[in-house]
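Undergrad: Could you build all of it, start to finish, from the sequences and the hints given here?
2 protein chains.
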Amino acid sequence: MQDRINRQVRLKCRPMGIPEAEHFEIVEVPVPNLDNGQILVRNIYLSVEPAMRGWVSAAANYLEAVPLGAVMRAFAVGRIKESRHPEFRVGEFVTGMFGWQDYAAVDAKEIQRKITDTDLPISTSLGILGLNGLTAYFGLLEVGQPKGGETVVVSTAAGAVGSCVGQIAKIKGCRTVGIAGGPQKVRLCLDEFRYDAAIDYKAGDLDSALAAACPDGVDIYFDNTAGAISDAVLKQLRVSARVVICGTASIASWEPIPRGPRVERHLLVKRARMQGFLILDYAPRYSEALQALSQWVRTGLMRYREDILEGIEQAPGSIAGLYRGENLGKRLIRIVPERS
Amino acid sequence: MQDRINRQVRLKCRPMGIPEAEHFEIVEVPVPNLDNGQILVRNIYLSVEPAMRGWVSAAANYLEAVPLGAVMRAFAVGRIKESRHPEFRVGEFVTGMFGWQDYAAVDAKEIQRKITDTDLPISTSLGILGLNGLTAYFGLLEVGQPKGGETVVVSTAAGAVGSCVGQIAKIKGCRTVGIAGGPQKVRLCLDEFRYDAAIDYKAGDLDSALAAACPDGVDIYFDNTAGAISDAVLKQLRVSARVVICGTASIASWEPIPRGPRVERHLLVKRARMQGFLILDYAPRYSEALQALSQWVRTGLMRYREDILEGIEQAPGSIAGLYRGENLGKRLIRIVPERS
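Chains A and B are the protein sequences, given in the same order.
Residue 32 in numbering that gives the first Met the number 0 sits at position 33 of the first sequence, with consecutive numbering throughout.
Residue 338 in numbering that gives the first Met the number 0 sits at position 339 of the second sequence, with consecutive numbering throughout.
Possibly wrong hints are sitting among the right ones.
Note: identical chains are not told apart, hence a pair may lie in one copy or across any two.
Said to hold, decoys possible - Cross-link-like lysine to any residue pairs, in silico, SDA-like; alpha carbons within 20 Å at most:
| no. | residue 1 | residue 2 |
| --- | --- | --- |
| 1 | Lys234 | Pro260 |
| 2 | Lys80 | Pro214 |
| 3 | Lys113 | Ile25 |
| 4 | Lys234 | Glu63 |
| 5 | Lys146 | Pro214 |
| 6 | Lys80 | Pro283 |
Honestly, the hints are just simulated from the structure, not real lab data.
TA: Following this line, the structure appears as structure tokens:
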């Protein structure tokens with residue numbers, strides 16, 4: 000494989016806030032040789048996540064910062080091209096943290112899973128059947144603990160995680176209210192993801208819209224944004240409400256920590272709970288969740304959208320686009336045809 | 000009893016923020032006559048609580064606001080002087096929401112409990128063996144869920160609730176760190192309530208003091224203050240930390256909601272939880288807690304301090320004094336001798 004080229008997207012400089020195209024560079028290097036026990040994966044889809052902002056930040060985080068000059072950390076799905084490990088065979092599809100590059104030479108422990116449900120598109124392994132679906136599943140069910148009849152409000156409701164949260168809540172018998180930016184996403188919430196109500200936070204007077212959509216108040220708020228949207232939702236909490244802190248998409252920078260209305264009084268008067276979680280903590284239970292999620296997808300109870308960019312050249316600018324809200328659905332980069 | 004005088008402390012006007020003496024007036028009315036089924040209680044100790052600020056506020060709360068012109072809502076302990084109810088006898092000591100007044104004519108359901116543990120001072124029924132002790136017990140054990148070896152930080156650590164939290168945490172095998180205002184309270188934390196470390200937040204550089212006192216970070220923060228103290232503690236949370244929101248003593252007014260550093264990132268990165276609670280929700284389990292608390296008091300595992308003001312004339316200004324931090328221990332007003 001030495002004669003083939005491996006294109007890599009590397010972190011060139013550390014952004015303050017949201018990573019833009021200029022913070023990365025694309026370099027070409029030879030495809031790596033394998034050591035004993037290693038597997039060579041030809042990436043097909045690269046994932047783009049809001050969490051990448053944290054991964055390239057110097058601030059404290061749940062993972063080490065991506066070093067300057069290193070290949071950008073990313074989930075990917077690809078096909079095995081060479082194997083020097085007895086449990087992995089050429090032609091198998093696998094997912095893992097393979098990075099923003101054409102080829103990855105990895106140890107067996109770096110492979111998250113083999114894709115065995117080949118009736119579903121392999122791209123789903125990075126979205127609805129990947130960390131997005133898992134995040135929605137465990138965040139809502141384990142941290143939020145929904146009960147039938149409760150009102151569940153979701154921010155970035157049409158997004159990769161949010162749309163899945165709304166649909167799981169619906170499956171569990173909750174009333175679902177989505178908050179999204181712009182009429183197109185609101186339509187997607189109602190028509191595709193079957194929220195009971197959807198609110199365009201850009202249309203103004205979020206307080207009144209929320210009060211109208213949640214006449215009995217909010218039992219669960221699945222928070223993907225923080226910021227002004229969350230400030231509005233917190234005012235509508237019911238007694239014993241749960242706020243699931245999943246992401247902070249609306250906050251451009253946490254250095255310094257931005258200020259907002261204090262939450263203590265809401266939590267006290269409403270005997271409410273705010274809780275952050277990290278999906279990696281649920282790794283031992285992924286297969287249980289994937290089984291449920293894939294069954295919901297097959298039976299049509301769960302729908303998903305993908306936003307697929309073509310070509311690795313799209314990678315450097317793709318994170319900033321997420322934060323501008325330009326994608327409809329899970330953002331992926333396809334770098335070769337699906338069955339190549 | 001009609002010829003005797005009942006002095007009442009009534010709410011004269013609604014404060015913005017902390018209630019001061021000028022917001023109350025003392026009036027003299029006849030001692031009430033009893034209806035069938037009622038009990039006449041001669042109050043001995045009146046309680047003074049930080050929560051009273053909320054009770055007189057027009058803002059949303061867990062109880063209705065005290066109406067203008069009404070007797071100030073307050074816990075009290077007193078002795079039965081007359082009874083037209085078969086289950087209550089003259090001479091028994093009882094607690095309840097009897098208000099800031101000499102005499103209360105109450106129905107049986109308004110009596111919280113009869114004091115049967117007569118080996119302990121009856122004043123304890125309003126503090127360590129009243130809502131303060133119960134708040135510490137359920138807030139720490141049920142909401143905080145301490146495990147042996149964990150680090151528990153308490154704000155208003157020398158106060159009626161805080162001192163009890165610190166001691167229960169110690170009994171449960173935790174490392175305890177108290178935050179209090181001024182050297183006298185810090186000494187009380189160390190000498191009387193046996194905290195492992197105590198910090199004077201008025202001495203400056205709370206961040207460094209906390210880092211030194213909690214080298215492994217904070218597992219549980221029992222928050223009685225909100226504000227700058229909490230902002231500092233939140234920066235030191237460990238993974239899976241629990242923040243128990245019990246009170247907001249440092250916030251002078253919640254109208255409008257004051258601003259502070261956003262908490263979402265801390266909660267997310269540390270997979271931490273902030274949760275408010277209301278002690279009244281635990282009413283069915285009070286006797287379990289009182290049994291444990293009184294046993295700890297008897298065996299010397301649990302110490303308490305009281306700050307007793309003499310005479311009902313002290314009541315109007317007593318809440319503001321709490322917020323100025325002038326009391327050492329549970330603040331009470333004694334309006335007649337204990338065994339009268």
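Undergrad: How would you classify lysine 234 and glutamate 63 at a CA-CA limit of 20 Å: within, between, both, or neither?
TA: between (35 Å within a copy, 18 Å between copies)
Undergrad: Evaluate lysine 234 and proline 260 at a C-alpha cut-off of 20 Å and name the case that applies: within, between, both or neither.
TA: both (10 Å within a copy, 18 Å between copies)
Undergrad: Classify it for me, lysine 146 with proline 214: is the Cα-Cα distance of at most 20 Å met within a copy, between copies, both or neither?
TA: This pair counts as within: shortest intra-copy Cα distance 17 Å, inter-copy 40 Å.
Undergrad: At 20 Å max between alpha carbons, let me know whether lysine 80 reaches proline 283 within a copy, between copies, both or neither.
TA: neither (28 Å within a copy, 65 Å between copies)
Undergrad: With identical chains treated as interchangeable, where does the CA-CA distance between lysine 113 and isoleucine 25 reach 20 Å or less: within a copy, between copies, both, or neither?
TA: Neither. Shortest intra-copy (28 Å) and inter-copy (78 Å) distances fail the 20 Å Cα cut-off.
Undergrad: Checking an output row: lysine 80 and proline 214, CA cutoff 20 Å. Within, between, both or neither?
TA: neither (56 Å within a copy, 49 Å between copies)
Going down the numbered hints, you'll see the structure goes against 2, 3 and 6, while the others check out.
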